[in-house]
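**Student:** Its first residue numbered 177, the first sequence is counted upward by one per residue in my numbering.
FYI, nobody ran anything at the bench for these hints, they're computed from the structure. Just so you know, these numbers come straight off a predicted model, no measurement behind them.
Pair by pair, the computed Cβ-Cβ distance ranges are: (1) GLU321 <-> ILE186: 14 to 22 Å; (2) THR351 <-> ARG285: 32 to 40 Å; (3) ASN227 <-> PHE376: 16 to 24 Å; (4) GLU321 <-> ARG374: 32 to 40 Å.
Just so you know, even glycine gets a beta-carbon here, dropped at the ideal spot from N, CA and C.
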Amino acid sequence: MKRSSAEPVIISPAFFQREPLVCARELIGAELVWGECAGVIVETEAYLAENDEACHAFFRPSVREFIERNRGGAAYIYLNYGVHWMLNVLVKGGSADGFVLIRAMEPTRGLELMKQRRGVESERQLCSGPGKLTQALVITKADDERDLCSDPSHCFRLGDRAPVEVVADERIGITRAADFPWRFTLRGSPFVSRAVKRPFVDS
DNA sequence: ACACGGATACTA
DNA sequence: AGTATCCGTGTC
Numbered sequence: 177m178k179r180s181s182a183e184p185v186i187i188s189p190a191f192f193q194r195e196p197l198v199c200a201r202e203l204i205g206a207e208l209v210w211g212e213c214a215g216v217i218v219e220t221e222a223y224l225a226e227n228d229e230a231c232h233a234f235f236r237p238s239v240r241e242f243i244e245r246n247r248g249g250a251a252y253i254y255l256n257y258g259v260h261w262m263l264n265v266l267v268k269g270g271s272a273d274g275f276v277l278i279r280a281m282e283p284t285r286g287l288e289l290m291k292q293r294r295g296v297e298s299e300r301q302l303c304s305g306p307g308k309l310t311q312a313l314v315i316t317k318a319d320d321e322r323d324l325c326s327d328p329s330h331c332f333r334l335g336d337r338a339p340v341e342v343v344a345d346e347r348i349g350i351t352r353a354a355d356f357p358w359r360f361t362l363r364g365s366p367f368v369s370r371a372v373k374r375p376f377v378d379s
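Please put together the full structure from these sequences, using the hints given.
**Tutor:** Encoded structure:
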């Protein structure tokens, strides 16, 4: 994707009509805007709708139906361990459908608001995990199926900065297909949920 | 190390 | 209805 424009531009549906792994990698360094708050995405994971046992679509008919009725760029949100909301983006229309789980970001705007919601002062603890991120941004089931490509206050944006260095690693916390290196992090970022274990590739 | 806690999809 | 499972966080 081009990053040549002078000002940050909302990521369009075409971005999410490619392979989930490409989308997950290219969202690293992108900005996530949510109301008054925003941050730079530093950690994502890719999940494939087919042949990926860690993806909800593998076992849940309701998620396969979600994929059917939504376009790429729609938010898929679910409750994990009965405690935390998880923010995913639907990727659809390329060679394979799937999701990108947004796992962590470096906060840039609305810091005080996020500190209040999280109940912590440390900036690196505000959004350094998928559950922390949704708590800081107040993302809930009410945002499920939200179109993240049309509303300027709930979207992803790409700036014109130089390409970032991305490290791939194994996905976190899953029991099946756990060895796929489909977790992507911004190299050296202190805002990730966990340190990288086995760096797989760089870009 | 462990408690916390709800949606989803099975079984019957 | 009951049961197994689940992409986490905070505190012990």
